[in-house]
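> Chain residues, written in single-letter form:
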Amino acid sequence: MSSTTTIYGIFDDEEVLLSSVKEIRSNNIEIKEVYSPFPIHGLDKALGLKETRMGITAFIYGCIGLLFGGILIYYIMILNWPQNIGGKPNTTFYHNMPAFVPILFECTVMFAAHLMSITYLIRCGLYPGAESDSPDERTTDDKFLMEIEVSGDTKTVKDLLGKTGATEINKKDA
Amino acid sequence: MQKEAEIRDPLILGNKSYHDITKDVSRPVEGKANKYWWILFSLSAGLMLWGFACMAYTIGTGIGAWGNNNTVGWAWDITNFVWWIGIGHAGTLISAVLLLFRQKWRMSINRSAEAMTIFGVAQAALFPLIHMGRPWLAYYVFPIPNQFGSLWVNFNSPLLWDVFAISTYFSVSVVFWYIGLIPDFAMIRDRMSAKISPMKKKLYSFLSFGWSGKAKHWQRFELVSLVLAGLATPLVFSVHSIVSMDFATSIIPGWHTTIFPPYFVLGALFSGFAMVETLLIIMRKVVNLEAYITIKHIEYMNVIILLTGSLVGTAYITELFMSWYSGVEFEQYAFINRATGPYSWAYAIMMTCNVLIPQLYWISSIRKSFIATFILSIFINIGMWFERFVIIVTSLHRDYLPSSWTMYSPTFVDIGIFLGTIGFFFTLFLLYARTFPVIAQAELKSIVKSSGSEYKNKK
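As they're listed, the protein sequences go chains A and B.
The first sequence finishes on residue 174 if you use the numbering used here, and the numbering steps up by one all the way, no holes.
The second sequence finishes on residue 459 if you use the numbering used here, and the numbering steps up by one all the way, no holes.
Treat the hints as calculated values from the structure; they're not laboratory data.
Glycine included, each C-beta is placed from N, C-alpha and C at the ideal position.
Keep in mind that the hints are not guaranteed to be accurate.
Have a look at the derived ranges for each label pair, beta carbon to beta carbon [unchecked claim]:
(1) B/Q332 with A/W81: 33 to 43 angstroms
(2) B/Y400 with A/Q83: 20 to 30 angstroms
(3) A/P89 with B/F374: 54 to 64 angstroms
(4) A/V101 with B/Y400: 29 to 39 angstroms
(5) A/T92 with B/L49: 44 to 54 angstroms
(6) A/P82 with B/F370: 52 to 62 angstroms
Derived lysine-lysine pairs resembling PhoX-like cross-links, with alpha carbons at most 25 angstroms apart [claimed, not checked]:
(7) B/K214 with A/K50
(8) B/K214 with A/K172
(9) B/K214 with B/K23
(10) A/K32 with A/K155
(11) B/K449 with A/K45
(12) B/K216 with A/K158
(13) A/K32 with B/K214
(14) B/K216 with A/K45
(15) B/K368 with B/K104
(16) A/K158 with B/K214
(17) A/K45 with B/K104
(18) B/K104 with A/K171
(19) B/K449 with A/K22
(20) A/K22 with B/K23
(21) B/K296 with B/K285
(22) B/K104 with A/K172
(23) B/K214 with A/K22
(24) A/K50 with B/K216
(25) A/K32 with B/K216
(26) A/K163 with B/K449
(27) A/K45 with B/K214
(28) A/K155 with A/K172
(29) B/K214 with A/K163
(30) B/K296 with B/K201
(31) A/K50 with A/K22
(32) B/K449 with B/K214
(33) B/K214 with A/K171
(34) A/K171 with A/K158
Some chain A residues close to chain B (C-beta under 8 angstroms, calculated; not the full set) [stated by the list, open to error]:
(35) S36
(36) A58
(37) N80
(38) N96
(39) A99
(40) F100
Throw the hints in and build the complete structure from the sequences for me.
This is the structure:
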């Protein structure tokens, strides 16, 4: 019977962690997660994470916002109650377009920014009152933590972590 | 790892380690407030309450409680509104535009600058609300279906553009601010002891949304910040452009000019940076952030003030030239009246504070002095308030019909409401300084190795 053990390698320095991540992955060992107090440049590539698609969502939400603004203005100004304001009748959308640009722009930005931020929070599982699942509280301060799940023998992983510069190695049996 | 030229001055002084930054940022939250904080807080809260009383008086009595009259229909209310919105601009410029330009020096000051933006815009929003006279009908400004027949808002009106621009600006600024705050709240949460301060721990746990700093989350965090910065950048420029269109689309001499949008945006950045300096020079002393908000940061901001101040000066002169060149006598009179009429003293204050005084920043020793910068920033704050006063009141008080010419002077209610918003602003800012991580510590830690003094000296 092989039970899984979770090993936590704790590092003091992000550069040591980064080279350790590369070293461990080159030994075909899967790294479950890395916790760090700040974003580390190049860590996502070293861990083999896919590029995030948050930018694409922002673009889509922006398009929805533009469309929403357009429909809102069209319905109110042209369709539902067209008025003649200052000798400029609101009978067509495109003739009045220049005056609508500021609000179309604001709607685009409002939708893109808010909906992208909400998507980000949902995708990361962040919401008011959520509990942190960090294995070590020091990872928001000055420690960098690497989490590896091993089934069976843990010695190779521990040795590798020690050799690549982990200052502390803990384990948790699952 | 990021690289930086060795000849650049360090942005973080005093050989700080990651843990030192954590300690320095959480100290104001963990410690007790000192005597000066309480003195300042009582003063601001007192002013705020006086302001609320004046607002209540206005709403109970009507707008007649103000100095406004038939000719000068807009006065201190919109002057204060534009002034506060302008102050709000530096925060987003620092956090968004400087992020896009990869300016590292923004990291120690962006959190407080954004707080200033949010609190400033909140003050600004109060003025149209009170000026409505019946603030409980404020929802009329939004395009919502209603039972009053087809009573819709007018999308051709710059006043409605303002509603959209300011609500978007305010809400996007809050979101941008909060996304950056989540990791820093998590840092404070993890430092709090559940035994010693269980309520605080719960509070910061709630505020930090369960952040744990996973690699994937950081990757998304960075992209979301970048995209929000990209969205907020045109937003900054649009907001004050639209505010200026409240004036520029009218047919009042002195307002009806195409130069207004860029002129207002520059003025907003100019006054916003002045207010950031006023606040940060006090704050770095009160909450011991001397190592993070250095003279280098102040100098960079002074350079921006010098640039925007000179551009604002150019805009003043362009306006004068255009009124002469237009050949329209009403337009010409509006500017002659501004400079030599009964409000020439206000015009002189505006010119001195906004055009002449910032030129002192050409002198290196003034640019690199905390005391000089503090004094000059106060002058600029005053000057920019007078700019709006001059534009609004002098254009209105002598209109096309000489029989309706009149003067404007504020009542105690006008003054009370204005002082009240200043009190309200400082109350919010003082509370913020005691409860929020006032420096974006997660971001700052990422530049310790390229811009910290210890690493600079090692090279």
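> In this structure, is the beta-carbon distance linking A/T92 and B/L49 contained in 44 to 54 angstroms?
52 angstroms, holds
> Taking the beta carbons of A/P89 and B/F374, is their distance inside 54 to 64 angstroms?
Distance hint for A/P89, B/F374 holds at roughly 55 angstroms.
> A/K50 and A/K22 were given as a pair; does the straight-line alpha-carbon distance stay at or below 25 angstroms?
Answer holds: A/K50 to A/K22 is near 16 angstroms, not above 25 angstroms.
> Would you check the hint for A/K32 and A/K155, treating anything up to 25 angstroms between C-alpha atoms as holding?
17 angstroms, holds
> For a C-alpha distance cap of 25 angstroms, please report whether B/K296 and B/K201 respect it.
At roughly 35 angstroms apart (the allowed maximum being 25 angstroms), B/K201 and B/K296 break the hint.
> Taking only the CA atoms, is the gap from B/K449 to A/K45 under or equal to 25 angstroms?
21 angstroms, holds
> Do the alpha carbons of A/K32 and B/K214 lie within 25 angstroms of each other, as the hint requires?
OK: A/K32 and B/K214 at ~10 angstroms, within 25 angstroms.
> Can you verify the interface hint for A/A58: is its Cβ closer than 8 angstroms to any Cβ in chain B?
Holds. Min distance 5 angstroms.
> Holds or violated: are the alpha carbons of B/K216 and A/K45 at most 25 angstroms from each other?
The given pair, whose Cα atoms are some 11 angstroms apart, holds under the 25 angstroms limit.
> Verify the proposed pairing of B/K214 with A/K171, using a straight-line Cα cut of 25 angstroms.
19 angstroms, holds
> Quickly compare the C-alpha distance for A/K155 and A/K172 to 25 angstroms and report which way the hint goes.
14 angstroms, holds
> Grab the minimum C-beta distance from A/N96 to chain B and call the hint holds if it beats 8 angstroms, violated otherwise.
7 angstroms, holds
Figure legend: structure checked against the earlier numbered hints; hints not met, in rising order: 18, 20, 22 and 30.
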